[in-house]
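Asker: Sequence order for the protein chains is R and X. Note that the first sequence covers residues 197 to 451 in my numbering. Note that the second sequence covers residues 79 to 348 in my numbering.
No lab work stands behind these hints, which were simulated from the structure alone. Glycine is no exception: its CB is placed at the ideal position from the N, C-alpha and C atoms. Worth double-checking, as some hints may not be accurate.
[What the hints assert, rightly or not] Derived lysine to aspartate or glutamate pairs resembling EDC-like cross-links, with alpha carbons at most 16 Å apart: (1) K99(X) / D359(R); (2) K218(R) / D251(X); (3) K248(X) / E170(X); (4) K340(X) / E175(X); (5) K384(R) / E285(R).
[Said to hold, decoys possible] With beta-carbon atoms standing in for the labels, derived distance ranges: (6) I289(X) / Q219(R): 21 to 27 Å; (7) R132(X) / L389(R): 17 to 23 Å; (8) D137(X) / L287(R): 36 to 42 Å; (9) W215(R) / P181(X): 43 to 49 Å; (10) T98(X) / H393(R): 31 to 37 Å; (11) T98(X) / W215(R): 36 to 42 Å; (12) I105(X) / L287(R): 22 to 28 Å.
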Amino acid sequence: MINISKVFLIARRDLYRFWQSKQWLAGQIAMNLADILIFAMIFRGIVRKDLIPDYLRFMTPGAVALATFVAAFSIGREVGMEIRRDAVEYLLVLPMSRQDLVLGRVFGGMLRGLIYQLVFLVLASIIDSPPTLTQLPVLTITSILLTMSMSSLAIAVSSVSRDFNIQATFRALTHYLLFFFSNVFYTKQVLSLRFPHPLPEIISITPISIAADIYRWCFNYYTYIDLQSLALLTMWSIALTFLASIIYLRNLTKR
Amino acid sequence: MHSPTTMFRQIFLLIQWDLTKILRRVIFVVMRATWFAVQVSMFGLALAYMVSTRSLGLDTQTYYKFYLFGIYTSILFSITASRAYDIAEEFEEGIIEYHLSLPMNRKVLAIGRAIGGGIASTLFTLPMFLTVVVLAQEFSIAAIIISIVASLAFSIGIAGLVISITLSIKSGDATDILMGALDAILVRLSTVFYPAVVIKSIAPYYYSAIINPVSHLADLLRIFYSFEEFKAIAIANPIALASYIIGLAIGFSFLAIYVVEKKLEGGGWR
Chain R
197 MINISKVFLI
207 ARRDLYRFWQ
217 SKQWLAGQIA
227 MNLADILIFA
237 MIFRGIVRKD
247 LIPDYLRFMT
257 PGAVALATFV
267 AAFSIGREVG
277 MEIRRDAVEY
287 LLVLPMSRQD
297 LVLGRVFGGM
307 LRGLIYQLVF
317 LVLASIIDSP
327 PTLTQLPVLT
337 ITSILLTMSM
347 SSLAIAVSSV
357 SRDFNIQATF
367 RALTHYLLFF
377 FSNVFYTKQV
387 LSLRFPHPLP
397 EIISITPISI
407 AADIYRWCFN
417 YYTYIDLQSL
427 ALLTMWSIAL
437 TFLASIIYLR
447 NLTKR
Chain X
79 MHSPTTMFRQ
89 IFLLIQWDLT
99 KILRRVIFVV
109 MRATWFAVQV
119 SMFGLALAYM
129 VSTRSLGLDT
139 QTYYKFYLFG
149 IYTSILFSIT
159 ASRAYDIAEE
169 FEEGIIEYHL
179 SLPMNRKVLA
189 IGRAIGGGIA
199 STLFTLPMFL
209 TVVVLAQEFS
219 IAAIIISIVA
229 SLAFSIGIAG
239 LVISITLSIK
249 SGDATDILMG
259 ALDAILVRLS
269 TVFYPAVVIK
279 SIAPYYYSAI
289 INPVSHLADL
299 LRIFYSFEEF
309 KAIAIANPIA
319 LASYIIGLAI
329 GFSFLAIYVV
339 EKKLEGGGWR
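Turn these sequences into a full structure, and let the hints guide you.
Answerer: Here it is as structure tokens:
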């Protein structure tokens, strides 16, 4: 049986620690802003207009999806540090079930992702246009689903090794694979023209791609969104959260 | 005072230390290689297709070649910068204190680690470099040799820089943050993805790209292979680019010496 108050207790602790890592937050925001304000802005001038008419407006909602991922990964850094410094023993003897502990960590990571994303939501509202009242609930659900799955993934990935370098590399590799195999930087049309079938189709159903497309609709870059994609994102999030929670629990208790 | 022979032997031992460390990291090697493969296949090909090469003064094929040498430089930079994680870990485990207690001059220690870090990173990226040469369809033995020498000098400079930063800030967390941000910003504010001429209208970006070490190596490597084609869009002439890379290696190695001699005594690692 899950004890909600204990899940919240763990999440609150993780949230409190989030505010303490101001430098880390600043560093991450700088990285994400660099994607929008440097990469997208420069590419706006050199990307073929027949393929993507306004690259800055196209990429900004994609960067919102990436920002969610990066912030949720901050929980991964702390999990990695706990494993390196043997704080795991302490966590395991806390008076709560292991499911409560794992859910609390995932929930904490999700809250961090949502808070961090706010800056980029404002930026996307300025660069594209603000969401309407109809789009707002879809935007909120998408962010919750995405941050939850990314938080779980980060926790699982960072607990795989005790080695600092491998933890950082795993984190970076997951980050790069997720964003290269997504439509954050390129449209499905570009992928279809450049790569063989079924790679473009596969890329378009990854969680970051789905979320990026939903954000593009929420910020009025796309005029139409297939609501089935929201159902697919929900399935992805449930599966990733479940799988990653099992992996984290296994990594916590393995000797 | 140690004799030059002893000093060279000590430097050799430190280089060996860095090489052994990187060779033991099989997972690290596999992951970085995957990362590189995705960058040159997926990302690079999509980018080359999307970019309107006429505005760059290049054709599609040449832009991909331009991108390949840029991406190699960014990978070399990232891998050399990742030495910071090794050093942070060594500090956390007390290995730096052990190194300081060895009967070895501090200057030798700093220089040895900078050269060791540079050689290890260059050797590690060698298969990636050769892949770039094959993909770009450029096969000049002389160009390959000078490119490796230039890459080594660049990597020694960056290793010196990360040693100085990591040992100055003395925090694993701060190192993690700073290296991530530095990597993201320096690569984007360079000529890895676009020539400097494209960003000429945005002054802060343009001048950042001009002073950025990543731009210098990327443009120098491009010139070694397709001299006339890339010479016109490089940020400086080949002599200036090469002088910058040599200056980088010497300057940051001296900075590492300064940090090891002046900032490291007494521990203080959080």
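Asker: Take the hints in turn and mark each one as holding or not.
Answerer: Cross-check of the supplied hints:
no.: 1; hint: K99(X) / D359(R); verdict: holds, 12 Å
no.: 2; hint: K218(R) / D251(X); verdict: holds, 11 Å
no.: 3; hint: K248(X) / E170(X); verdict: holds, 10 Å
no.: 4; hint: K340(X) / E175(X); verdict: holds, 14 Å
no.: 5; hint: K384(R) / E285(R); verdict: violated, 46 Å
no.: 6; hint: I289(X) / Q219(R): 21 to 27 Å; verdict: holds, 25 Å
no.: 7; hint: R132(X) / L389(R): 17 to 23 Å; verdict: holds, 18 Å
no.: 8; hint: D137(X) / L287(R): 36 to 42 Å; verdict: violated, 57 Å
no.: 9; hint: W215(R) / P181(X): 43 to 49 Å; verdict: holds, 47 Å
no.: 10; hint: T98(X) / H393(R): 31 to 37 Å; verdict: violated, 46 Å
no.: 11; hint: T98(X) / W215(R): 36 to 42 Å; verdict: holds, 41 Å
no.: 12; hint: I105(X) / L287(R): 22 to 28 Å; verdict: holds, 25 Å
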